[in-house]
Amino acid sequence: MDIIDNLNAVKRGKLSRRAFNRSLLAAGVGLFSAPLLPRKALAAEGDHPTFFTWGGFDIGELYQPYEAANGALPNFSIFGGTEEALTKMRGGFVVDAAHPCNVGLKRWVDSGLFQPVDTSRLANWGDVMPELVAMQGNDNGAGSPWMVPFDWGGTSITYRTDIFELEGEESWDMLWDERYAGRLGSLASGGDAWWCGAIKAGVDFKDIATDMAFEKIAAELRAQRPLIRVYTDDTTTLEQALASGEMAAAMTWNSSAVLLQSEEVPVKFAKPKEGQLTWVCGIMIHKDAPNLEKTYEMIDAMLSVETGKFMINDYGYGHSNLKAFDEFDEDTLKSLGLSKNPAAILDEGHFMIPQSQDWESRMNETFELVKAGF
Amino acid sequence: MSDAASTGTATSSGKPRASTGFAALFHRSPTLRGYLMLSPALVIMVIGVLLPFLILVVMSFWTREGFGFDTTITAANYARAASEPIFGVFLIRSFWVSGIATIVTVLLCYPMAYYVAFHVHRHKMLWIILMTLPFWTSYLLRVFAWKVILGYEGVINSSLMTAGLIEAPLEFLLYSQTAVIIALAHAWAAFAILPLYVSLEKIDRSLLEAAADLGDGPVKRFLRITLPLSLPGIISATFLIFIPTTGDYITPALLGGPDGAMIGNLIQLQFGAVNNWPMGATLSIVLMLWIAAVALVFIFVTRKSKESLI
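Respectively, the protein sequence lines represent chains D and Y. Take 1 as the starting number for the first sequence in full-length UniProt numbering and just add one per residue. Take 1 as the starting number for the second sequence in full-length UniProt numbering and just add one per residue.
Please keep in mind that the hints were generated in silico from the structure rather than gathered at the bench. From a predicted model like this one, the values you see are computed outputs, not experimental measurements. Glycine is no exception: its CB is placed at the ideal position from the N, C-alpha and C atoms. Heads up, some of the hints might be wrong.
Stated by the list, open to error - Computed beta-carbon distance windows for the label pairs:
1) Y:Leu36 x D:Ala68: 55 to 63 Å
2) D:Ala344 x Y:Pro85: 40 to 48 Å
3) D:Ala223 x Y:Met288: 32 to 40 Å
4) D:Met212 x Y:Thr74: 28 to 36 Å
As the list claims (entries may be wrong) - Which bits of chain Y does chain D cover? Going by a derived footprint, with three or more residues having C-beta under 8 Å, they are:
5) 168 to 175
6) 264 to 271
Construct the entire structure; sequences and hints are all you get.
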């Protein structure tokens, strides 16, 4: 995922060759030597913090104030998914900060690997959307958050307007449409697909942990499986398949639709009548962070309006700084599927609720059985 | 040896020198000396192979409990591995895919190795280096390359379409077991070429000349001399490809599609998203045992056939 995301970034001139090589290195080394890495493997690169994040978040535009103050970017270590990241950290990989999402929040906190955030050290904290801070399980009991919200968005269906013949309203049924058997795609991670299955099955997220919900969702996903060409977490695979017409519709994040539209592929990011899946990701600080001071500086840079402006415009994701939205007019935001009142978007969708480790294991195993054809 | 030991016990001043110490022991005991000389390799083996393996074995008898482990010894994971159909299906699929990939690789590499061993007379090393050239790039990139080649708008599909041979792109090329087999056969080719080349190169040419003098044609010469004598190379090539590919997870993850996942993907899943390290350990052990069993059968069969050939 990282490599192709990065390739795209290079193609669009958003990533320097040096940064690209570094992230290639990180991805390669990460894949093949995860268990071998010594603790604080990357601490050697000066006194800059190491941020353990998704591919595509390791570019200078997201850290401008930090770079201006320090003359360099933070160090990056790249993961392909948050589960992989948590596993690696539980295995002893120490970074300064990492980039999980709200559904994993409880488990990340339970792992005991993180420290609460001292928000008084963040100059931009006052502009952070309170709805995002108040996500379930984010309070450490003493009023400090565990996670600083950073990016948020939706998971929905990106479809080719010239290929997919819409019958009535946009709906999750589109990804179950037998007319397009073998031409539909899905994200492979249960963190997205299972929750979208829940919306399709009409399961309220409050009840998602019940046995009944498990059965209903699994049944929906089993019915969908024969129609799916590929399950992948590599968003570029889905984007390319949509661009070439190999797929008529696929489950993606908003960034895929924004990217394809910028390349003039006739696609739309559906607003399903049942509501889309909404999520928020953010930054958590490792309890043994070697460069705590600079870590706060990095987080503050990520919360800045400059960063928000870039992320909204180029990635099409929401940003946690409310003021970043003031940089755009209503029409631009609308074309990106966002609005001046971001909270409304979150309210319209289904916001993921943090789940226990047992739930997560069961969900992943069940979804894997479904994908394998059981 | 005894000289060294006796002179080592006393110095010119008459005082005993380290007579009970380590140095003396080192001189006196050839066994200890042997172990000490082996020790760097031994340490690496213990730390790098034996210890991780023991941890894996022990962990496979634990169970997952939230984030941690319940360390009560139980065979529950093994019972689960034996009873739930998904594990069996994936195991059989892995052996099937990697078995086919192994056969394809050896069949494709044998003629190449044969050509270099018998028909190339100058710059042999250059040929070998050229054939192992793909190994100079990362495994991951080679798999990605196949994704580009086999893809919907890939090299094969677009060539066939430009040539007018097909109307629409062939979809079975990518996201299928075929794709996994093709990529594995290419990615591991060097592991087959080298042992095959070595065993073919070692064959005494005078045997072939003698057979020719006695009236054997090229086919008979190959079947009666070259093939049996290159069997050790075929066997090691088979092992070198079969064992690692059975547990491979990158290739099926990228090229396999919904029906192409293999046992390695299940193991990765247990260690990753499912967070059940004990179950992952159990599956790894089960896989190892099965590979060992298959390997033993293979050795037995080839030994028999080798005897009958010679």
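Hint numbers not upheld by this structure, sorted from lowest to highest: none
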